Amino acid sequence: MDLLTHFWTWLCGFFVITPAWMTAGAWLAAGLTIFLFSFLYKDNPFFKAAEHLYLGAGMGWLLQVSFYSVLVPKVWEPLMKHEWLVLVPSLLGLSLLTQFIPKISWISRYGFTFLMGYGAGLAIPVGLSTDFISQISGTVQPLSMMASMTPWMIFNAFLVAFGVICVLFYFFFSVEHKGHMQKVSNIGIYFLMIYFGAAFGNTVMARFSLLYGRFDQLYTFSSSKYLYATQFIVIGMVVYFAIHAFFTRGGKEPEAAR
Amino acid sequence: MIKNQFGFVLFSVLFAAINVSAAKPSQAVKKQTPAGAIPPIENLTFADMPYDVGGTALLKWDVRPTDNPDVMYQIYVSSLETGGWIKADEFPADTRTGKDIELPFWAWNASVKEHVVKVELPNYFGEARTTGPVFNFKVVTIKDKKSFDSGIVSGKTASNWFRLDRLNNLLLLVTIITVFFWAVSHAKRKGLFIRRIAGLDAIDEALGRATEMGKPVYYVPGIGGMSGISTIASTFILGEVSKKVAQYDTQIKVPHYDPIVMTVCKEVVKQSFLEAGRPDSYRDDINQFISQDQFSYAASVDGMISREKPAAIFFMGYFMAESLLLAEVGATSGAIQIAGTDQESQLPFFFTACDYTLIGEELYAAGAYLSKEPMLMSALKVQDFGKLVVMVSVFFGIILVAVGARLHWDPFVQVILNLFGAY
Numbered sequence: 074m075d076l077l078t079h080f081w082t083w084l085c086g087f088f089v090i091t092p093a094w095m096t097a098g099a100w101l102a103a104g105l106t107i108f109l110f111s112f113l114y115k116d117n118p119f120f121k122a123a124e125h126l127y128l129g130a131g132m133g134w135l136l137q138v139s140f141y142s143v144l145v146p147k148v149w150e151p152l153m154k155h156e157w158l159v160l161v162p163s164l165l166g167l168s169l170l171t172q173f174i175p176k177i178s179w180i181s182r183y184g185f186t187f188l189m190g191y192g193a194g195l196a197i198p199v200g201l202s203t204d205f206i207s208q209i210s211g212t213v214q215p216l217s218m219m220a221s222m223t224p225w226m227i228f229n230a231f232l233v234a235f236g237v238i239c240v241l242f243y244f245f246f247s248v249e250h251k252g253h254m255q256k257v258s259n260i261g262i263y264f265l266m267i268y269f270g271a272a273f274g275n276t277v278m279a280r281f282s283l284l285y286g287r288f289d290q291l292y293t294f295s296s297s298k299y300l301y302a303t304q305f306i307v308i309g310m311v312v313y314f315a316i317h318a319f320f321t322r323g324g325k326e327p328e329a330a331r
Numbered sequence: 050m051i052k053n054q055f056g057f058v059l060f061s062v063l064f065a066a067i068n069v070s071a072a073k074p075s076q077a078v079k080k081q082t083p084a085g086a087i088p089p090i091e092n093l094t095f096a097d098m099p100y101d102v103g104g105t106a107l108l109k110w111d112v113r114p115t116d117n118p119d120v121m122y123q124i125y126v127s128s129l130e131t132g133g134w135i136k137a138d139e140f141p142a143d144t145r146t147g148k149d150i151e152l153p154f155w156a157w158n159a160s161v162k163e164h165v166v167k168v169e170l171p172n173y174f175g176e177a178r179t180t181g182p183v184f185n186f187k188v189v190t191i192k193d194k195k196s197f198d199s200g201i202v203s204g205k206t207a208s209n210w211f212r213l214d215r216l217n218n219l220l221l222l223v224t225i226i227t228v229f230f231w232a233v234s235h236a237k238r239k240g241l242f243i244r245r246i247a248g249l250d251a252i253d254e255a256l257g258r259a260t261e262m263g264k265p266v267y268y269v270p271g272i273g274g275m276s277g278i279s280t281i282a283s284t285f286i287l288g289e290v291s292k293k294v295a296q297y298d299t300q301i302k303v304p305h306y307d308p309i310v311m312t313v314c315k316e317v318v319k320q321s322f323l324e325a326g327r328p329d330s331y332r333d334d335i336n337q338f339i340s341q342d343q344f345s346y347a348a349s350v351d352g353m354i355s356r357e358k359p360a361a362i363f364f365m366g367y368f369m370a371e372s373l374l375l376a377e378v379g380a381t382s383g384a385i386q387i388a389g390t391d392q393e394s395q396l397p398f399f400f401t402a403c404d405y406t407l408i409g410e411e412l413y414a415a416g417a418y419l420s421k422e423p424m425l426m427s428a429l430k431v432q433d434f435g436k437l438v439v440m441v442s443v444f445f446g447i448i449l450v451a452v453g454a455r456l457h458w459d460p461f462v463q464v465i466l467n468l469f470g471a472y
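Each protein sequence line maps, in turn, to chains P and U. Mind the numbering: the first sequence is residues 74 to 331 in my numbering, read in order. Mind the numbering: the second sequence is residues 50 to 472 in my numbering, read in order.
If you're looking for bench data, these hints aren't it; they were derived computationally from the structure. These numbers come from a predicted model, not from an experiment. Note that CB positions come from ideal geometry on N, CA and C, so glycine has one too. It is possible that some hints are incorrect.
Unchecked claim - Quick look at which bits of chain U chain P covers, simulated, 3 or more residues with Cβ under 8 Å:
{"id": "1", "stretch": "149-156"}
{"id": "2", "stretch": "320-331"}
{"id": "3", "stretch": "350-356"}
{"id": "4", "stretch": "385-397"}
{"id": "5", "stretch": "407-417"}
{"id": "6", "stretch": "442-455"}
To be verified - Listed next, the stretches of chain P that the computed footprint assigns to chain U, with coverage defined by at least 3 CB atoms under 8 Å from CB atoms of chain U:
{"id": "7", "stretch": "132-143"}
{"id": "8", "stretch": "197-204"}
{"id": "9", "stretch": "210-219"}
{"id": "10", "stretch": "228-242"}
{"id": "11", "stretch": "248-255"}
{"id": "12", "stretch": "260-274"}
Construct the entire structure; sequences and hints are all you get.
The structure is reproduced here in C-alpha cells:
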C-alpha cells in the first residue's frame, strides 16, 4: 500500500509544472515549428516526424472533442434522464456506420437520406433569401436615400449595381459569350479580379500576422531561460542537411514511391 | 297631504335638477387636465407580434396632440399579477409609430396615427418562459419629471405557423421550382445548352499527362461536408475524372477530410470504374481518410504530394486556409493543377498557384457540363434563371428607386424595397 501511495505521490508531482517542464515544452514547441518550416527547404525525416505527430495529435484531439462535446452531453446525458427521443437521431447516426458491413450497408441510406433532406430543407430557404433577394435589396437600397446622397455616393451606388450585373453575366451559362456579351462578361472579370486582388492582400496580411506569432515564440525560446532551444535546433538541422548533402552528393534522390 | 307630498317631490326634483345643472360645469372642470399635465393613455391595447416565433408583444395606442420631444414614454412589463414591473423601453413621444415596424406592406398596416412598440420578452424573462404565459404591460407618460400611468393591459404571445412577411420569398421559391420542373422535362426531351467552360478542357490534358508520365492523379475534394453545394459538385466532377482515369488505366488517389464525403466518393469512383468497363482496376484505397483536423489534413496531403510527385492534381470543392498550403506544394512538385471552389476568399490563392481555376459557380456548372445529366443541367438552368431574375431586378430596381427617391415618392420606394426584402 505504501508503495502505491508513494507511486501516486510521485506521479502527481511528476506532472506539476516546473521550470524543467517549461523548458521541455519550449524545446518541443520550437522543435516542431522548425521541423514543419524545414519543408520549405525540402522533404526530410524531421518534417515527416512532425507531420505524423500533428496528424495523430489532431485526430486524438478531435476524438475527445467528439466524445466529451457531442456523445456525452447530447446522447449519453439525455438517455440517463430517460429522454428517449434522442434515440432517433442517434440511430440515424449509427446507421451511417453500417457502411462498414456490406450485407447491411443499405441501412446507411436512411441516415444519408435524412442528412441530405435536412441539409436541403435548411439551405434552400436561407440560400434563396441571402443569394437572391438580399443581393437585390443590398444593391438597390442605397439609392432609396438619393435625396441626401452626394454625387460621389450616387456614382458609387450605380457602379456597384453595374458591377453586380456584369459579374453575374460572367456566370451566366445559358448563352455563348460572344460579341457584346463577351464585353460585358470581360468587364465582370475585371470586377472579380479587383476583388480577388483585395482579398489576396487581406489574407496575406492575416497570414503574416500568424507568421509573426511563430517567430515571436521562436525568439522567446531562444533565450537562456529555455537553454537556447531555437538556436540549438536550427544549428542541429543545418548540420543534418549539410551531412546529408555531403553523403548524397552526386547521387540521385530516391525515386518517389509509386 | 298629497298636495304637500307632491310639493315636496316637485321641490326635490327641481332642487336636484338645479344641483345637476350646477354640478355639470364643475365636473367638466374636474376632467380638464391641469396646465402642464398630460392625460394618461386611455386606448392602450395589447397584440401579439404577427408572423414570428413568439415572445414578442406589440403595444398600441393613438398618437396624441401632446406628443412632442419633451414628453417621454416608458414601457413597463410584468409577469406577476400585481407589481414586479420591469422597465422595457423608453423613447420620446414623437417617435415609434406603426411605420417603424419592419414588416412589408402586404403584412402590416404601417399607420403613423398610432404608436406601436415592440417588447421582446425573452430579453427580460428568458427564452423558455415567454410564449404562453400572460404578461401585464403599462405605459407611463413623463413630462417635467411628472409621470402619468396608463391602464394595465394583459396578453400572451404565440408562435405563428405561417410568415406572411416572407410571402415574396415563397413566391420566388414556387417560381423557381416550376422553372426547375420545366427545365428537367425540357432537358430530357430536347437537351439544354450550356456554354463551354474553359478550365474543363484542361482535364483531358492533365489526365493525358499523368498517363504518359505513369504518375498518379490526386483529386482533393476539400474540407467541406456532404451538405455543401461545392462538395456535391466536386463529387460529380470526381465521377467524370475517375471514369477517364479508368479508361486511360492510370492511377487516382482521393485523400479525404470528411468520412461521409469519403463514403459517397467511394461509391462514385466505384461506379465510374464500372461504367468505364474497368471494375477490376478499382481499389478500395483510392479513397483514403486522412484527418478531420484542417491543418493536419493539409500537412499530410502536402507530404503525400511531395513524396509521390503526382502528374496532375485537382482541388475541387470547399477550401479554406489550407488552399495555398496545398496548391503551393503541388506547384513546387511540378504537377499540372486544376482548382475550383466557391470560396471567394481562397480563389486568389488558386489563381496564383494553379494552372486553371474554376471560379465559384463554374464549379457547379462543371459537374453538369461534364456529365450532361438532365437533372444537373436543369439545376444549372434554374441557377441561370435566378441570375437573370437578379440582373433584371437590379437593373429596373435601381432605376425605379432612384427616380422614386429623387421625386420623393416615398410610398412607391417603400413598396419596391419591400418586394426585395429578405426578412
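Inset, instruction - Given that the stretch 248-255 of chain P was listed as covered by chain U, double-check it with a C-beta distance under 8 Å for 3 or more residues. - result: holds (count 3)
Legend entry - 8 Å C-beta criterion, at least three residues: is the stretch 132-143 of chain P covered by chain U: With 3 residues closer than 8 Å to chain U, the stretch 132-143 of chain P meets the three-residue bar; holds.
Legend entry - Annotated coverage of the stretch 149-156 of chain U by chain P, confirmed only when three residues or more have a Cβ within 8 Å: It is violated: at least three residues are needed, and the stretch 149-156 of chain U offers just 0 whose Cβ sits closer than 8 Å to chain P.
Legend entry - Given coverage of the stretch 228-242 of chain P by chain U, checked by CB-CB distance under 8 Å (3 or more): holds (count 7)
Legend entry - Check of the stretch 407-417 of chain U against chain P for coverage (Cβ-Cβ below 8 Å, three residues minimum): holds (count 5)
Inset, instruction - Go check the stretch 210-219 of chain P versus chain U for me, would you? Three or more residues, Cβ under 8 Å, otherwise it fails. - result: Answer holds; 8 residues pass the 8 Å Cβ test.
Inset, instruction - Establish whether the coverage given for the stretch 385-397 of chain U by chain P is satisfied; the threshold is a Cβ-Cβ distance below 8 Å, and no fewer than three residues must meet it. - result: Held - the stretch 385-397 of chain U has 4 residues with a Cβ nearer than 8 Å to chain P, which meets the minimum of three.
Inset, instruction - Please count how many residues of the stretch 442-455 of chain U have a CB within 8 Å of a CB from chain P and say whether that reaches 3. - result: Our answer is that it holds, as 10 residues pass the Cβ test (under 8 Å) against chain P, meeting three.
Legend entry - Check of the stretch 260-274 of chain P against chain U for coverage (Cβ-Cβ below 8 Å, three residues minimum): holds (count 6)
Legend entry - Annotated coverage of the stretch 350-356 of chain U by chain P, confirmed only when three residues or more have a Cβ within 8 Å: holds (count 4)
Inset, instruction - Count the residues of the stretch 320-331 of chain U whose CB lies closer than 8 Å to any CB of chain P, then report whether that count reaches three. - result: violated (count 0)
Inset, instruction - With a C-beta cutoff of 8 Å, work out whether three or more residues of the stretch 197-204 of chain P approach chain U closely enough for the coverage to hold. - result: That given contact holds, which follows from 6 residues of the stretch 197-204 of chain P lying within Cβ reach (below 8 Å) of chain U.
Violation of the numbered hints given earlier is confined to hints 1, 2; the remaining hints are satisfied by the structure.
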